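Sequence lines, in order, name chains F and Z.
Here the first sequence stands for residues 2 to 480, numbered as in the numbering used here.
Here the second sequence stands for residues 136 to 745, numbered as in the numbering used here.
In case anyone wonders, no lab produced these hints; they're calculated from the structure.
Keep in mind that this is a model prediction, so the values were computed, not measured.
C-beta atoms are modelled at their ideal positions from N, C-alpha and C, and glycine is treated no differently.
Please note that the accuracy of each hint is not assured.
Stated by the list, open to error - Covered stretches of chain Z (chain F as the covering partner; in silico rule of three or more C-beta atoms under 8 angstroms from a C-beta of chain F): (1) 708–716; (2) 730–736.
Said to hold, decoys possible - Simulated restraints on C-beta separations: (3) Z/Leu737 <-> F/Trp395: 18 to 28 angstroms; (4) F/Tyr139 <-> Z/Leu737: 24 to 34 angstroms; (5) F/Lys438 <-> Z/Val157: 49 to 59 angstroms; (6) Z/Ile697 <-> F/Ile140: 45 to 55 angstroms; (7) Z/Phe682 <-> F/Phe464: 51 to 61 angstroms; (8) Z/Leu737 <-> F/Asn66: 31 to 41 angstroms; (9) F/Phe11 <-> Z/Leu737: 38 to 48 angstroms; (10) F/Asn263 <-> Z/Trp699: 45 to 55 angstroms; (11) F/Ile466 <-> Z/Phe265: 43 to 53 angstroms; (12) F/Thr170 <-> Z/Leu741: 39 to 49 angstroms; (13) Z/Ile697 <-> F/Val404: 13 to 23 angstroms.
Chain by chain, the residues:
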Amino acid sequence: MMHTLVLFPFFALIILNLPLRVIFRRLSFWVVFALSLIQIFLVFFPQNAFWGTHFNFLNTFFRFNLSADGLSMVMLLSIGIVTLTALLVARQMITDSDRMALFCSLLLIAMAGMNGAVLVRDIFSLYVFLEITAVASYIMIAFDKNIFSFEGAFKYLVLSAVATAMMITAIALVILFSGSTEFYLINYAIRASAHTSLIVLSLGLFLCGFFIKAGLIPFHSWLPDAYSSAPAPVSIFLAGIVTKTTGVYTLIRIFISIFGFNGQSQRILLLAGIISVVIGAIAAITQKDFKRMLAYSSISQVGYIILGLGCASSLGIAGAILHIFNHSVFKSLLFVNSAAVETQTGKTNMDEISGLGEKMPVTAVTSTLGALSCAGIPPLAGFWSKLLIILALWVGGLHVYAVVAILSSVLTLAYLLSIQRKLFFIKGNSEENSQIKEAGFGISLASTLLAFISLATGVFFPFIINSFIVPFGKIFGRF
Amino acid sequence: MNTNNIFLPIIIPLIGALCALVSFKKLRFLLESSAFVIAAVNLILAVILFKENISLNIPWVLGLEFSLRLYHFSAFILLSVAGFGFLVTLYSLRFLRGKEYANQFYGYLFLTLSLANGAVLANNLILMLFFWEGLLLTLFGMIAIGNKNAFQTATKAFIIVGISDLALMLGIALTAYLAGTARISNIHLPLDTLGSIAFILMAIGAISKAGSMPFHSWIPDAALDAPLPFMALLPASLEKLLGIYLLARITLDMFILTTHSAMSTLLMAIGAITIILAVMMALIQKDYKRLLSYHAISQVGYMILGIGTAVPVGIVGGLFHMVNNALYKSCLFLTGGAVEKQAGTTSLEKLGGLGRNMPVTFICYLITAAAISGVPPFNGFFSKELIYDGALERGKIFYLAAIVGSFLTAASFLKLGHAAFLGKRSEENKNIREVPLSMLIPMIVIAATCVIFGVFNALPIKYLIQPVLGEGLLEGHNFSGFPTNMFLVAVTVIVLIAAFLNHLFGVKKSGSGLHASDHIRNAPVLVKIYDLALKRFFDPYEWGLKFSRLLADISWAVDRSIDWIYDKFSVNLTYSLSRQISALQSGNYSLYVVWSLVGAMLVFVLFFIK
Chain F
2 MMHTLVLFPF
12 FALIILNLPL
22 RVIFRRLSFW
32 VVFALSLIQI
42 FLVFFPQNAF
52 WGTHFNFLNT
62 FFRFNLSADG
72 LSMVMLLSIG
82 IVTLTALLVA
92 RQMITDSDRM
102 ALFCSLLLIA
112 MAGMNGAVLV
122 RDIFSLYVFL
132 EITAVASYIM
142 IAFDKNIFSF
152 EGAFKYLVLS
162 AVATAMMITA
172 IALVILFSGS
182 TEFYLINYAI
192 RASAHTSLIV
202 LSLGLFLCGF
212 FIKAGLIPFH
222 SWLPDAYSSA
232 PAPVSIFLAG
242 IVTKTTGVYT
252 LIRIFISIFG
262 FNGQSQRILL
272 LAGIISVVIG
282 AIAAITQKDF
292 KRMLAYSSIS
302 QVGYIILGLG
312 CASSLGIAGA
322 ILHIFNHSVF
332 KSLLFVNSAA
342 VETQTGKTNM
352 DEISGLGEKM
362 PVTAVTSTLG
372 ALSCAGIPPL
382 AGFWSKLLII
392 LALWVGGLHV
402 YAVVAILSSV
412 LTLAYLLSIQ
422 RKLFFIKGNS
432 EENSQIKEAG
442 FGISLASTLL
452 AFISLATGVF
462 FPFIINSFIV
472 PFGKIFGRF
Chain Z
136 MNTNNIFLPI
146 IIPLIGALCA
156 LVSFKKLRFL
166 LESSAFVIAA
176 VNLILAVILF
186 KENISLNIPW
196 VLGLEFSLRL
206 YHFSAFILLS
216 VAGFGFLVTL
226 YSLRFLRGKE
236 YANQFYGYLF
246 LTLSLANGAV
256 LANNLILMLF
266 FWEGLLLTLF
276 GMIAIGNKNA
286 FQTATKAFII
296 VGISDLALML
306 GIALTAYLAG
316 TARISNIHLP
326 LDTLGSIAFI
336 LMAIGAISKA
346 GSMPFHSWIP
356 DAALDAPLPF
366 MALLPASLEK
376 LLGIYLLARI
386 TLDMFILTTH
396 SAMSTLLMAI
406 GAITIILAVM
416 MALIQKDYKR
426 LLSYHAISQV
436 GYMILGIGTA
446 VPVGIVGGLF
456 HMVNNALYKS
466 CLFLTGGAVE
476 KQAGTTSLEK
486 LGGLGRNMPV
496 TFICYLITAA
506 AISGVPPFNG
516 FFSKELIYDG
526 ALERGKIFYL
536 AAIVGSFLTA
546 ASFLKLGHAA
556 FLGKRSEENK
566 NIREVPLSML
576 IPMIVIAATC
586 VIFGVFNALP
596 IKYLIQPVLG
606 EGLLEGHNFS
616 GFPTNMFLVA
626 VTVIVLIAAF
636 LNHLFGVKKS
646 GSGLHASDHI
656 RNAPVLVKIY
666 DLALKRFFDP
676 YEWGLKFSRL
686 LADISWAVDR
696 SIDWIYDKFS
706 VNLTYSLSRQ
716 ISALQSGNYS
726 LYVVWSLVGA
736 MLVFVLFFIK
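So that you can see chain F by itself, here it is in the shape it has in the complex:
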């Protein structure tokens, strides 16, 4: 039944875009809303009949090899949450109903692509789903049809083309030495194969492709431009989940399901991670545009996730997965807040905005929570995942990395608190601010929900550790 997660968005897309779309146009928001809610519900209350892999009539038509482990479940949950958030914000910001219907269609395509990517167990199908997601993303970035958004979209397109070339070459090499595209068959072939140079070449190409998708330094250059030029709901969607699924999830997946770790690949991951953590954080400090600052912050946070993966231990991978989830929550939250500020003031340059705290209390409070979670301040969610990652680094004997990671948290705190202070807490120009009101219901609802999730995940972490972290340990116990 897992196929429905991929197929229903497609069916919905087709039906909503039939010639009768005048009728369906108003419905499209609710369709996406319902689909993402159902997805969240299914993860929280797992139905054996749904997640089981036994054959049913759908399998006879669609011969995908799908299965869901803990990692896939977390990704599905994040996809649901972020899609819902982007949808709520889009409803607020996109007033034209035709364009809203178009946006919903794009969301459906991206959702289907990402759901497929996290469930599929076949390397070529994975590539196809990534491309589906990417195509939807290009269009979404250029949604506003102005020069900046075209430029951002085009940069993403160019760099993604490089990534695609690398991935497709790697897949060809994999087929060459294993003769198969199924994860477990490739894994067997790698263990038995003597073609070590081919394996290394394919793994290196995969790594570079996914590094581009994930936006790690020095493969990051498209990311700040794309995030900052995209419309607000698209920024949320891109930063919250698209790059995490297409870049980070895929990296974790090829390591735990196909290639396994060795000394060299671990070193590459750790180096890429730590460089991204430090340089992303430093670059964020002087940004004037808060969306651009959040983009650099994303690079830095992805660095933490890759550091966790680079530990090659179950603790580190558990921390990495938890940080993916936490990051999609708090980074979406911060982008929702930036959308709120952007809609209410019409500006994104931090030097021109100040003292919004009194006028926009919900935004001020939720963004402070998001920032503190991002900086890893207890008891918020971000603290626990960073703690797990740093613990894993320390336990793994990687003391230098652990110390640098901790010190970089200070930088994170520095740029995030300075943004909070500038936008919300210092006294602003009261004349300029006199017309400003709190953002609308949809944005406030989204930010409140996300802040609540971030807070609840942190406060109830002792319960979460038993239901999420311990199972991760079992899944990846063999590494």
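Model the placement of chain Z on the given structure of chain F, informed by the hints.
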């Protein structure tokens, strides 16, 4: 008698303190009468408890025990404290009338009495320390309510006494560790290396409470800034009683001090130095209260010298001198207060000829000044003779210091009396009248006691002091009555006559009583030392202040430079790095692709580096 009555001397003044602190300023009569009643009840209680022998041990928190002991020594001190407390309260009733801080003063006074009673009764070192440190707070409070400089002086006193209390605390910890118990009556330690350290630390606490050098420098400042009854109560009497009581307990019970030990010599040296230096400073003062305050320091030297001799005659002399000093010194301060109340000043340059206006005060001054100078047959003469006896037994140098001190004491009191009560009377001082009766009574009572303790010195020595030493230490001696060593008496008389002649010489040379000591002040070598001393060059507190300022400057510089690293260096470094990284983001597609390819090459290079 119920053993719980031993709590009463602590609780009753405490209740009085609380009542006084919360009382309204407008209800002056209620405040004054209740203060009088509490002080009187405290005195009556001390009299009733005087013959009692009570020991009380109650288990307390953390394995400590709440241990109080009333026996002849503590009962004796208790009675003295209560007596001075009562007389000072009586005196303050008029002296403080109309002062803003009256209720605070009474509050601190009774709190001081309560804590002092507790410290005297405590039979556990930790408990004693609790009361002892509490006295530090009331000391601070009582100085701080004085004039506008008082807060600074209070801070000075607080720091000096606080540091010495810290030494006491360390000493108590070491003593309790060495003895294995904190119950005072069970401690008898030999003076080995660690024992000597513990002894010195505890002795520092004791002698600094008594006001010995080098812990004295707050007292002359407080004499000018604090309310006068405070001076009569604390530095003049109560602190001497407590400090010397503790010193006596240390030397007699807790440690075994013999005449051979270095500790004994050390104490005697401190005593001798204190006598000489403080009295030298007293000699040149031009303010009534400040001059007295230096004597309050100098006289401690005699007590420490006497107890430090570790021979029975010296110890008896030291303890007797403690009582005598408390008597005449508080009375002298009270006469100073009387002069201040009536003349509005204590500066000797503005006073003069007051003897005719205030005859009773003058007579009280004469008696107590004679007593402090050691003129027979007043009490000071007898205690000093006993101390001379002990000092001579231990070394001529100590005797010499004591006798020189006596000479200068007599000279300075001749000067003070001459300048304040005799000589010319200025026009504005013509209408000054005698102080009211309630201020006269305490002075008369104390002056009379000075005479009685002199003429009938057997009364205090036999019944109060000799029991403290016990029969074992006394070896059947009886030190009451007229001194037996006629040589010492003869020397004393000669010294006193010499002091008188010196005064006449000084008056003749300078032309006034106030400047009678100027020939000593201006003597060849002394003039330089005096000039330095007046600039506070010899005040350890000033050294400490200078040192602290130096430390503060250094710390400030270090702090600034660390701050610079945090606030300027690292921030600027981060910002410039950040700007450079941002500048790389030029928007050039081909450059972006090149970076990605360079990254890919790095990945492969890393793969092939083992």
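These are the hints, each one checked on the structure:
no. : hint                                      : in the structure
1   : 708–716                                   : holds (count 6)
2   : 730–736                                   : holds (count 6)
3   : Z/Leu737 <-> F/Trp395: 18 to 28 angstroms : holds (26 angstroms)
4   : F/Tyr139 <-> Z/Leu737: 24 to 34 angstroms : holds (27 angstroms)
5   : F/Lys438 <-> Z/Val157: 49 to 59 angstroms : holds (54 angstroms)
6   : Z/Ile697 <-> F/Ile140: 45 to 55 angstroms : holds (54 angstroms)
7   : Z/Phe682 <-> F/Phe464: 51 to 61 angstroms : holds (58 angstroms)
8   : Z/Leu737 <-> F/Asn66: 31 to 41 angstroms  : holds (34 angstroms)
9   : F/Phe11 <-> Z/Leu737: 38 to 48 angstroms  : holds (39 angstroms)
10  : F/Asn263 <-> Z/Trp699: 45 to 55 angstroms : holds (46 angstroms)
11  : F/Ile466 <-> Z/Phe265: 43 to 53 angstroms : holds (49 angstroms)
12  : F/Thr170 <-> Z/Leu741: 39 to 49 angstroms : violated (19 angstroms)
13  : Z/Ile697 <-> F/Val404: 13 to 23 angstroms : holds (20 angstroms)
Checked against the numbered hints above, the structure violates only hint 12.
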